[in-house]
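S.K.: Sequence:
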Amino acid sequence: MAPERGPAGPPVPVSRRTVAVPFAAGWAGRAPLTWSQQYYLAELDAARPHGRSLAITRLYPLRAGVREEEATAALRELVERYESLRSRVTRTAPPGQQVHRHGSLRVTAHDLAAPAAAHEVHAAAEAVLADLARVPFDVAEEWPLRAALIGVGGQPRFLALAFSHVAVDAFALLPVGTFLTDRCAQADPVARTAPGSAAEGLQPRELAGAEASETASRTARRALRHAERALRRMPAAPAGTGPSGAGERFRFLRRRSAALDLAVGAVAARTGESPASVLTAAVLATDAARTGERYGAVQLISANRLRPETVGAVVPCSQPVLCCVDTRDASFAELVRRTASASLRAYAAGPCPPAALAELRATIEKERGVRLDGAPTLNYRPRATSLPVREAGAEELRRAAADAETAWVDSAMLWQSAHYLSADVDDSGVRLLLQVDTDVRTPRWAERWLADLEDLLRAAASDATATRTPAGPG
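Reading the sequence shown from the start, the letters are residues 1 to 474 in this note's numbering.
Taking CB as the label site, the calculated pair distances span: (1) A356 <-> H102: 30 to 38 Å; (2) E248 <-> K366: 28 to 36 Å; (3) S104 <-> D427: 41 to 49 Å; (4) E293 <-> R390: 30 to 38 Å; (5) T219 <-> T385: 27 to 35 Å; (6) R294 <-> D463: 18 to 26 Å; (7) E405 <-> E293: 27 to 35 Å; (8) S331 <-> Q155: 55 to 63 Å; (9) P443 <-> R17: 38 to 46 Å; (10) L306 <-> G393: 32 to 40 Å; (11) E293 <-> S104: 50 to 58 Å; (12) R225 <-> P94: 22 to 30 Å; (13) E141 <-> E248: 23 to 31 Å.
Everything labelled a hint here was simulated from the structure, so no lab data went into it.
We treat Cβ as the ideally placed atom computed from N, Cα and C, and that holds for glycine.
Let's have the full structure, built from the sequences with the hints guiding it.
M.R.: This is the structure we're talking about:
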């Protein structure tokens with residue numbers, strides 16, 4: 001929680017200097033990229049021309065009394081411990097990575113003149129963090145970790161870190177947060193839960209080696225068979241509106257709604273399925289109302305951390321998997337149940353090499369004579385606490401409707417998807433961020449789509465026989 005703001009005043013003077021943090025680790029050498037790293041490298045390269053960095057950021061509050069030397073020592077140990085944080089991409093064919101034994105991390109120390117109020121220090125730290133993530137990573141030339149310290153009068157208060165998505169995903173930062181909390185941080189700023197494991201997490205080269213095994217090849221073939229079934233059924237991509245011609249091509253719409261929170265929890269309580277399945281079904285139904293097709297499809301971001309050796313791995317393990325659901329003759333409650341089963345099948349099918357999936361899609365697109373890149377993507381991101389799952393009456397839903405916020409915002413993240421929905425979920429509610437490509441969907445379409453999604457969920461919470469939302473304007 002951000003400190004309470006006091007009255008506005010003149011900017012607090014800030015001095016800056018660079019601290020070199022040398023490291024010397026064990027193994028060094030070349031290695032292939034893992035399947036997940038290949039996926040994120042392609043996404044990063046696609047986002048770069050649009051000025052988006054895909055950086056994952058964390059702002060760690062430091063424990064009282066932690067000195068600069070202690071914070072930089074923790075950073076040194078962190079980089080030495082995890083190979084992904086001292087690796088650079090090699091632009092070979094196919095791309096790989098070079099793990100370095102020696103190097104130096106440059107940390108910028110920002111010092112505010114004393115006295116500075118807590119809210120001023122926090123605001124300065126947030127600004128530094130945003131600046132770290134602003135420029136896309138040059139993954140072949142720079143370390144995949146940028147760092148800064150923010151303090152007052154020589155005493156550091158915050159450690160700001162920006163990570164390349166080729167090096168980590170959100171779950172990879174769980175062991176990073178645990179490590180830093182043990183050394184210098186008060187707490188992990190993004191609380192998540194993950195299954196515990198006594199196994200040592202794999203390094204990227206070890207995971208890439210495992211993916212070259214015959215066992216992994218069988219997993220990939222199974223995943224591709226699952227993807228083929230989905231690709232042969234899913235609706236064709238929309239024709240699109242053409243170049244928007246004005247402003248940013250990609251737009252981001254944020255939505256928070258107390259009524260949405262209640263509705264998702266109520267439908268989950270009634271169906272006995274998870275809030276994730278409820279929200280996924282709502283995405284499918286909202287799109288199906290527009291296409292009129294029997295089958296709905298959505299890409300789900302799968303964490304792929306079921307094996308003990310991947311739980312604590314500081315390397316991305318996530319990739320999209322295709323989930324295709326028959327929406328015919330289904331009440332929304334029935335659609336939720338079908339979606340839960342289909343989601344489990346999609347996750348169980350497992351990951352595969354992104355290039356093989358792209359080749360398969362191109363083959364089926366040619367056979368069907370359509371484009372198949374129009375499926376929405378849902379990235380459901382649970383936190384350490386859970387959304388309340390309970391019944392909610394119509395009157396409670398009606399009263400909650402006034403407690404809502406919608407805003408167009410910016411984002412460092414940008415994904416190759418006609419519309420991409422991120423959902424951060426905990427006991428305080430569901431926070432949605434919808435990315436739309438305005439060459440395919442208009443901003444008005446995005447506003448109507450989110451409104452229809454919520455209307456459907458509210459109707460389903462009040463009426464177990466509710467089906468689809470009416471299609472809105474494009």
